[in-house]
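There are 2 protein chains.
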Amino acid sequence: MTTTSRQMILGMHLGTGYGSQANAWRAPGVDPAAYTDIEAQVRYARAAERGTIDFLFLPDNLAITPSMGEGIPQATIDPVVTVAALARETSRIGFVVTGTTTFNEPYNIARQYKALDVTTHGRFGWNAVTTADPAAAANFGQTIAERPVRYGRAHEVIQAVQALWGSWGEEAWTRDKDSGRFVDLDQVRPVGLRGEYIASQGPLPIPPSEQGQPVIFSAGGGEYGLTIAGRYASGVIGAAFTIEDARAQRRAARQAAHRYGRNPDEVKFFAGLMPLIGSTVEEALARRRHLDEVSAPRRVPYLGAMLGLPLEPEQVDRPLTDAELADARPSGFDPRSQRALEVARQGWTIRDILAHGVIDYHPTPVGPPCVVADYMQEWFEAGACDGFWVSPDVNEDGIDTFVDEVVPILRERGLFHEDYQGTTLREHLGAPAQYGLDPRVWQEAS
Amino acid sequence: MTTTSRQMILGMHLGTGYGSQANAWRAPGVDPAAYTDIEAQVRYARAAERGTIDFLFLPDNLAITPSMGEGIPQATIDPVVTVAALARETSRIGFVVTGTTTFNEPYNIARQYKALDVTTHGRFGWNAVTTADPAAAANFGQTIAERPVRYGRAHEVIQAVQALWGSWGEEAWTRDKDSGRFVDLDQVRPVGLRGEYIASQGPLPIPPSEQGQPVIFSAGGGEYGLTIAGRYASGVIGAAFTIEDARAQRRAARQAAHRYGRNPDEVKFFAGLMPLIGSTVEEALARRRHLDEVSAPRRVPYLGAMLGLPLEPEQVDRPLTDAELADARPSGFDPRSQRALEVARQGWTIRDILAHGVIDYHPTPVGPPCVVADYMQEWFEAGACDGFWVSPDVNEDGIDTFVDEVVPILRERGLFHEDYQGTTLREHLGAPAQYGLDPRVWQEAS
Ligand SMILES: Cc1cc2nc3c(=O)[nH]c(=O)nc-3n(C[C@H](O)[C@H](O)[C@H](O)COP(=O)(O)O)c2cc1C
Ligand SMILES: Cc1cc2nc3c(=O)[nH]c(=O)nc-3n(C[C@H](O)[C@H](O)[C@H](O)COP(=O)(O)O)c2cc1C
Chain A
1 MTTTSRQMIL GMHLGTGYGS QANAWRAPGV DPAAYTDIEA QVRYARAAER GTIDFLFLPD
61 NLAITPSMGE GIPQATIDPV VTVAALARET SRIGFVVTGT TTFNEPYNIA RQYKALDVTT
121 HGRFGWNAVT TADPAAAANF GQTIAERPVR YGRAHEVIQA VQALWGSWGE EAWTRDKDSG
181 RFVDLDQVRP VGLRGEYIAS QGPLPIPPSE QGQPVIFSAG GGEYGLTIAG RYASGVIGAA
241 FTIEDARAQR RAARQAAHRY GRNPDEVKFF AGLMPLIGST VEEALARRRH LDEVSAPRRV
301 PYLGAMLGLP LEPEQVDRPL TDAELADARP SGFDPRSQRA LEVARQGWTI RDILAHGVID
361 YHPTPVGPPC VVADYMQEWF EAGACDGFWV SPDVNEDGID TFVDEVVPIL RERGLFHEDY
421 QGTTLREHLG APAQYGLDPR VWQEAS
Chain B
1 MTTTSRQMIL GMHLGTGYGS QANAWRAPGV DPAAYTDIEA QVRYARAAER GTIDFLFLPD
61 NLAITPSMGE GIPQATIDPV VTVAALARET SRIGFVVTGT TTFNEPYNIA RQYKALDVTT
121 HGRFGWNAVT TADPAAAANF GQTIAERPVR YGRAHEVIQA VQALWGSWGE EAWTRDKDSG
181 RFVDLDQVRP VGLRGEYIAS QGPLPIPPSE QGQPVIFSAG GGEYGLTIAG RYASGVIGAA
241 FTIEDARAQR RAARQAAHRY GRNPDEVKFF AGLMPLIGST VEEALARRRH LDEVSAPRRV
301 PYLGAMLGLP LEPEQVDRPL TDAELADARP SGFDPRSQRA LEVARQGWTI RDILAHGVID
361 YHPTPVGPPC VVADYMQEWF EAGACDGFWV SPDVNEDGID TFVDEVVPIL RERGLFHEDY
421 QGTTLREHLG APAQYGLDPR VWQEAS
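Protein chains in written order, with the UniProt record's numbering: chain A, 1 to 446; chain B, 1 to 446.
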């Protein structure tokens, strides 16, 4: 393995701000008020940057999540406000911020994202989503439209945003004190886009950033999602429970890019990962058991459904019986069922089966740092992904643990860079230069 | 004069970021790239806070300003991004940010502004404007609607935003680690507003700030503007060239508040002020002459029009002749004409007449700090305003000069506080507590 071989790209998920586990806010040492506390997010961003993580990923919701009632915090208070604050406390790490194409006007998001790209010196990325949550739509007096409409608008919005980003010529900002010429307006051009869903005249009054303009990410696949990934995305935020599934998703994104005239290598596929780290497997499980002490019993019936067994909350502290294990059938409705059964067969109590993260949103390697590194290496070398977006269980110490214990192993194995190779997110991703629309994929919007 | 007597409230205008003079970006010591440089804005915010200025005022435009072509920079790159960065570098000063009701969805601005209010610990205010610029409308594929429509929407948007701000009960955020209750959703209520122009279901997932919710400002008067000022505003950003005009504007805002069932003292009227400070009048004029060295000749014909005289750029360095002074008639189309004539009669060259700021957007007291303080005292004691929004000519040194030289005189005279009296913008303004809609002025939107 040489240093010129392909290396993985890593994102760190800030999630709710507390971490990816529902009870992260209740973990020891965590300030339960961190939801509104930028200082906490600054600590997490700095920890990730210390580990030369390529980008922070911030999800977003445009509605209160019903899980708040069950004690599970909302995503970040506001990703733009958060990133604007984090920008000044970091200098190399990128920021990938989720924002909807459905309930934003292109001029407004083009402006805020470009402002963030310029003030972060080219470290900004936009994860463009279409939003399928009816509660979000209701906050805008709307209902969720069918995919053809949502994605029709998404294409127009992304194209308008990219056109606006490119409306200020690369050399337009003369700011020449002697001549008194602040801007050469001959190099600043309106975009004059008018589609079926949106219109914007432009120009945007913002010069290029060190990376030209923000990079685009997308999340989710499917026929429609792939039209976004294929045309615009430099990164795809993925979710897969098996190497096979991840490979299929990655291949689909790469094929979509090819279909739109791009080089498939321009689209990096990121697999989700929720590592549970301890110096031993038992210590890792103890960490998670402690976190879920109260909530674990409530999840037992769902685990039962995954295994085709009628399990009750009271049974949480016993292993499955031989008879139950013989009867168990992994359910087809949940892709995590097979792994749940494998863990159950190892003889763990139900609480420990749950502590293995078998009903987490992403795969959960459990144990010492090398287990996590092995897992990542296997996926990466199998072509399942170009890197990972890592969701620590509890941000307060989970980012440090990943950075201090997993990252060095990945580096030792030549799988991850020793240091940032560039200063912009585009460089971190190896994404080609782009300013304004990509002529290879641009088609007149209606 | 005792310390319990009424004191003025002061705002500092960040303007383009460079200062209020078109050539501020070309002044000595100014980095011409400050437009995209948050560090420069941080310095200015800290300087203003050192002077215990009550708030920073950030204007906004939703289009590129044509004056960019003449070397005059745009307003701030993005006020939300800027304030999010400044928030962490200051602890007491408030932020009043201009945002349009016409091209924003209430949920989006309610969220970002409340996020800023929470993360600044209650120091945020929204200057709600309706935007009359056709270029802004074109950036949203629209044209500027008539006032009844723009202001009809403005009322709905402001009410929806205030309702969303109040949707999370004051005690709702339990964040109790022991019980695992993060939020008491019984205290979080949808707002379910549906008007003629906008609708929003809510709730907003953000707890109250230290001041409950942001305060509202408005800018501009007129029949329609006063309906905004009267119902919602804690502060009015004014523009007046004479004490009489300012008193009339202030009285109109106070009467409007009274009409909507509020105490007139709840609406503070801020007069605009563009001080030109030097240790002598001559030194102050020299500062301005230097700043406008190249551009002054271009303004001569306009000065001529104000005085009813055919003046040419080449004449910039001579005073008006006796014959011209005898012929001069202040023009009725520009309220600044009378003062321009008064200055001309003092025998200054045309360049020095212009250097007196006679065609600036706000009155320009010229000379040593006590001249500025005298001016402010006279207006304040005449009931022309409750305070000022001060526009330094060049932010880089103008804020320091005002803070170090004018503020101490105002304090000595008991006209301005010795230190911040509270921690929130609401406290700085003496605005009453408000959370959610004001029941005194709330009427069902349609
Ligand atoms: C891994 C992953 C992360 C996502 N993150 C977000 C998010 O933070 N906010 C959001 O509104 N949607 C998010 N989405 C939702 C997708 O953008 C998309 O709306 C969703 O998958 C529904 O698909 P559809 O729009 O094709 O119906 C995410 C999807 C995936 C797969
Ligand atoms: C002192 C002052 C400052 C203003 N600042 C802004 C601003 O920063 N951005 C903006 O869009 N409008 C601003 N306005 C414009 C007003 O909100 C209003 O749109 C304008 O006066 C036109 O009036 P109309 O909307 O009643 O036609 C300002 C007005 C005044 C008087």
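One or more hints might be untrue.
Repeated chains share a single entry, so a pair holds when one copy, or any two copies, can fit it.
[To be verified] Heads up, simulated SDA-like pairs for lysine to any residue below, C-alpha to C-alpha not over 25 Å straight-line:
hint: 1; residue 1: Lys177; residue 2: Asp404
hint: 2; residue 1: Lys177; residue 2: Glu70
hint: 3; residue 1: Lys177; residue 2: Gly69
No wet-lab data here; the hints were simulated from the structure.
message: Regarding Lys177 and Gly69, is the shortest C-alpha distance of 25 Å or less found within a copy, between copies, in both, or in neither?
response: between (57 Å within a copy, 14 Å between copies)
field: Alpha-carbon proximity context of Lys177 and Asp404, limit 25 Å
entry: neither (48 Å within a copy, 28 Å between copies)
- request: First find the shortest C-alpha distance between Lys177 and Glu70 inside one copy, then the shortest across copies, and answer within, between, both or neither for a cut-off of 25 Å.
  value: between (59 Å within a copy, 13 Å between copies)
Hint 1 from the list above is the single one not met by this structure.
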